[in-house]
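Residues per chain are reported as follows:
Number of protein chains: 2
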Amino acid sequence: MSMECKKGAPVGVFDSGVGGLTVVREIIRQLPDENIVYFGDTARVPYGSKSQKTVIRFSEQIIRFLKTKQVKAIVIACNTASALALDAVRDEFDVPILGVVVPGARAAVKATRNQKIGVVGTDATVRSGMYTKIIRELNPRIQVLEKACPLFVPLVEEGFKEHAVTQEIIEYYLESLRATDIDAMILGCTHYPLLRSRIRAYMGEDIQIVNPAYETALDLKTLLEEREMSSDGREASGSRYEFYVSDTAEKFRQFANTVMPFHVPETNVVNIESY
Amino acid sequence: MSMECKKGAPVGVFDSGVGGLTVVREIIRQLPDENIVYFGDTARVPYGSKSQKTVIRFSEQIIRFLKTKQVKAIVIACNTASALALDAVRDEFDVPILGVVVPGARAAVKATRNQKIGVVGTDATVRSGMYTKIIRELNPRIQVLEKACPLFVPLVEEGFKEHAVTQEIIEYYLESLRATDIDAMILGCTHYPLLRSRIRAYMGEDIQIVNPAYETALDLKTLLEEREMSSDGREASGSRYEFYVSDTAEKFRQFANTVMPFHVPETNVVNIESY
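Chains A and B supply the protein sequences, listed in that same order.
So that you can map any letter, position 38 of the first sequence is 38 in my numbering, and since no number is skipped, the others follow by simple counting.
So that you can map any letter, position 260 of the second sequence is 260 in my numbering, and since no number is skipped, the others follow by simple counting.
The hints are simulated quantities; they were obtained by calculation from the structure and are not laboratory data.
Wrong hints could be hidden among the right ones.
Since copy identity is lost for identical chains, a pair holds within one copy or between any two.
As the list claims (entries may be wrong) - Pairs of lysine-lysine, DSSO-like flavour, derived with a Cα cap of 27 Å: (1) K251 to K69; (2) K53 to K161; (3) K69 to K7; (4) K69 to K221.
Whole structure, please, built from the sequences with the hints as guidance.
Here is the structure:
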């Protein structure tokens, strides 16, 4: 593909399901001229309780699918896939791939004043220790406390955001973190920003809550500029944003329409296992 | 396969994950001479929030895998797969296949005195209306009330069985059912028997709680006897029980060892998407 062609090519974004749409929203805000192809693996969601081997295999299939859409770059919007699969797939494919863990870690390192950072995420993300590893590479003196909160995803997905039990489960998971003096906390799962105000209320105003989506969109912008692949908005043809899923799209479309700043008219179902 | 060979052949049992082991346990109790090959789709669990098309595709792959083990019959231990996929796969494969919905419905029809039955299950099972359909075929005068309880599975899987929030979520989901005069209730998901005592305490002693596993093992026994395929226990060679999963086996093995009446020494990982 020539440089000229690449400018108009879409950015691929993928996630285990719907959560990655919060990252897409941030990319649209910061890079309004870019075309986006999104894939949500709704047939195999969630990734957060699965093994590294499986998450790598799923990620490889999705990247092969996105490459059929001639994407010029790929953003892994899922924290679990970023933590478990980014290193493996980056070596394997000839398209630039970004995750959310490095941008999230960098933002937290900037945010902390006392060098104590908390991280909340899925079981698999926390078990990988990837946030701790990246933060320590940026600043070895920083202390990192990670905590898995596996019930946050089903609570959000089942519409319990406002329910009293969600408050109790937030307290159950975050009590030990609140008892420390961390002054920055990474929401290391794309669903967690949907609980942000309740987490903030419980953790207190003194703690900076870091959502990696903002910094990830910034990183994408830098990458596209460095490689002279940024869209100039001239080549957009047809739909700017395309949405694909691996299981029927209705629930996805409903969620997409609550997150996206525009109407999502349709989504397409892909047999991802064949890639 | 000759009749003689079939007697010694194993029974295949599958589930979206670990829950189906409660059905295996019941089969072992009632049919101690049978060999069993179990498959848990831990890479793609849960099924309860996915579409019929996807659940049928997953079930087809698993049945193709189980057929490579020369199974003489297959039990779909998963309520969601039984409700969404049994009719489709039964027509497609030349091995007898049983689900848990018909046995569970029959047990509830026997149990009710006032012809009012409640059913709790996953989103997909309840949306399918399959329990209502089967119960009405058995007795059209019976009134059926179904209620999806999607948080029960993650609560059990994340070890919240004894936690206070589980009580609140039980009350949240079951309040409307308790306000009716149903006198029998089907636990239409293999995870729910693990909450049985709390559900019973909330619903009251007057309601009969039906776990389809018992009746399913009875149906399997009848099927094997009718077809003269029951094992006489003479041909067992090597391990009587084999366990396969689609994602790494450690968590599965831990759970298996809490449910099974014997030690589960190993499980094998299968790339189920290739079937």
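| task | Identify every previously stated hint that the structure contradicts and give their numbers, smallest first. | result | Violated hint: only 2; rest satisfied.
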